[in-house]
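Participant: In order, the protein sequences belong to chains A and B. Per the numbering used here, residue 794 is the first one in the first sequence, and the count goes up by one each step. Per the numbering used here, residue 74 is the first one in the second sequence, and the count goes up by one each step.
None of these hints come from the bench; they were simulated from the model. No experiment lies behind these values; they were computed from the predicted model shown. Even glycine gets a Cβ: it sits at the ideal position worked out from N, Cα and C. Some clues are possibly wrong.
[To be verified] Incomplete in silico selection of chain B near chain A, CB under 8 Å:
| # | residue |
| --- | --- |
| 1 | Thr105 |
| 2 | Leu119 |
| 3 | Thr122 |
[Unchecked claim] Cross-link-like lysine to aspartate or glutamate pairs, in silico, DMTMM-like; alpha carbons within 20 Å at most:
| # | chain 1 | residue 1 | chain 2 | residue 2 |
| --- | --- | --- | --- | --- |
| 4 | A | Lys890 | B | Glu132 |
| 5 | B | Lys114 | A | Asp798 |
| 6 | A | Lys895 | B | Glu132 |
| 7 | B | Lys114 | A | Asp875 |
| 8 | B | Lys114 | A | Glu834 |
| 9 | A | Lys890 | B | Glu136 |
| 10 | A | Lys850 | A | Asp875 |
| 11 | A | Lys890 | B | Glu173 |
| 12 | B | Lys137 | A | Asp888 |
| 13 | B | Lys137 | B | Glu160 |
[What the hints assert, rightly or not] Sample of chain A residues facing chain B (criterion: CB under 10 Å; computed from the structure):
| # | residue |
| --- | --- |
| 14 | Tyr828 |
| 15 | Ala835 |
| 16 | Ser878 |
| 17 | Asp888 |
| 18 | Lys895 |
| 19 | Gly896 |
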Amino acid sequence: GQNIDQPTEMTATEGAIVQINCTYQTSGFNGLFWYQQHAGEAPTFLSYNVLDGLEEKGRFSSFLSRSKGYSYLLLKELQMKDSASYLCAVRDPWDDKIIFGKGTRLHILP
Amino acid sequence: GAVVSQHPSRVICKSGTSVKIECRSLDFQATTMFWYRQFPKQSLMLMATSNEGSKATYEQGVEKDKFLINHASLTLSTLTVTSAHPEDSSFYICSARDREREKYNEQFFGPGTRLTVL
Numbered sequence: 794g795q796n797i798d799q800p801t802e803m804t805a806t807e808g809a810i811v812q813i814n815c816t817y818q819t820s821g822f823n824g825l826f827w828y829q830q831h832a833g834e835a836p837t838f839l840s841y842n843v844l845d846g847l848e849e850k851g852r853f854s855s856f857l858s859r860s861k862g863y864s865y866l867l868l869k870e871l872q873m874k875d876s877a878s879y880l881c882a883v884r885d886p887w888d889d890k891i892i893f894g895k896g897t898r899l900h901i902l903p
Numbered sequence: 074g075a076v077v078s079q080h081p082s083r084v085i086c087k088s089g090t091s092v093k094i095e096c097r098s099l100d101f102q103a104t105t106m107f108w109y110r111q112f113p114k115q116s117l118m119l120m121a122t123s124n125e126g127s128k129a130t131y132e133q134g135v136e137k138d139k140f141l142i143n144h145a146s147l148t149l150s151t152l153t154v155t156s157a158h159p160e161d162s163s164f165y166i167c168s169a170r171d172r173e174r175e176k177y178n179e180q181f182f183g184p185g186t187r188l189t190v191l
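Sequences are here, hints too, so could you generate the full structure?
Facilitator: Structure representation (structure tokens):
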């Protein structure tokens with residue numbers, strides 16, 4: 794089976810840094826995604842990690858440790874528009890499905 | 074980039090009617106499309122995987138006779154909610170994989186369809 798855990802909600806201040814953690818227990822693994830989703834909209838792709846380590850893309854970075862079943866999304870220089878849900882998702886190698894966690898709602902305070 | 078459209082974006086219907094939702098990949102060919110459902114403040118739940126030219130694969134607990142999926146071409150998949158009931162009210166989102174980029178495993182999401190059944 795697949796189990797993906799991430800905090801339900803987080804709050805951070807504009808201009809600060811926030812780290813959103815994700816742990817997973819899956820029968821197989823072929824990559825981990827992070828998506829951003831604003832209320833009422835479809836998810837948008839942020840990052841994809843398949844090997845251990847840190848992937849940096851502008852203000853957003855994503856880290857993966859396959860041995861620990863752990864990933865985090867790091868958001869720097871937070872802006873008000875970063876207020877959204879952040880979805881951690883794992884791809885199953887056997888059937889190509891992407892299974893989503895419940896998402897972390899991030900609130901940015903001015 | 075890869076663009077996926079959905080139509081309609083919002084639909085309100087009476088209980089017992091059927092609703093068809095279209096998902097199109099606009100600038101790429103999609104061998105596989107996925108249909109998700111998302112209830113308020115919940116995550117995306119995969120309903121079915123749609124492969125061009127073959128029958129869809131449904132997730133456990135999803136009624137294939139109620140949620141009819143057709144993937145007739147490499148750019149179009151449709152989801153028909155038959156005999157819709159208020160509990161079917163949800164946000165339906167499709168995604169597509171670009172056959173040229175499949176090695177990157179990325180899925181491109183449509184903007185979603187908000188279904189309200191009265």
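Participant: Go through the hint on leucine 119 of chain B and say holds or violated, using the shortest Cβ distance to chain A against 8 Å.
Facilitator: Leucine 119 of chain B check passes; min Cβ-Cβ to chain A is 6 Å, inside 8 Å.
Participant: Given the hint that lysine 895 of chain A pairs with glutamate 132 of chain B, does the C-alpha gap stay at or below 20 Å?
Facilitator: holds (17 Å)
Participant: Closer than 10 Å between Cβ atoms is the bar; does serine 878 of chain A clear it against chain B? Give me holds or violated.
Facilitator: holds (9 Å)
Participant: Next item in the hint list is threonine 122 of chain B. Is there a CB on chain A closer than 8 Å to its CB?
Facilitator: holds (7 Å)
Participant: Going straight from one Cα to the other, do lysine 850 of chain A and aspartate 875 of chain A come out at no more than 20 Å?
Facilitator: holds (15 Å)
Participant: Measure nothing beyond the straight line between the CA atoms of lysine 114 of chain B and aspartate 798 of chain A; if it is 20 Å or shorter, mark the hint as holding.
Facilitator: holds (15 Å)
Participant: Holds or violated: is there a CB of chain B closer than 10 Å to the CB of aspartate 888 of chain A?
Facilitator: Interface hint status for aspartate 888 of chain A: holds (8 Å vs cutoff 10 Å).
Participant: Check the hint pairing lysine 114 of chain B with glutamate 834 of chain A against an upper bound of 20 Å on the C-alpha distance.
Facilitator: holds (12 Å)
Participant: Keeping to a limit of 20 Å between CA atoms, is the pair of lysine 137 of chain B and aspartate 888 of chain A held or broken?
Facilitator: holds (18 Å)
Participant: Given a cut of 10 Å on the nearest C-beta pair, is the interface hint for tyrosine 828 of chain A held or broken against chain B?
Facilitator: holds (8 Å)
Participant: Against chain B, run the beta carbon of lysine 895 of chain A and see if the smallest gap drops under 10 Å.
Facilitator: Cβ of lysine 895 of chain A sits 4 Å from chain B, so the hint holds.
Participant: Per the CB criterion, is glycine 896 of chain A less than 10 Å away from chain B?
Facilitator: holds (5 Å)
Of the numbered hints listed earlier, not one is contradicted by the structure.
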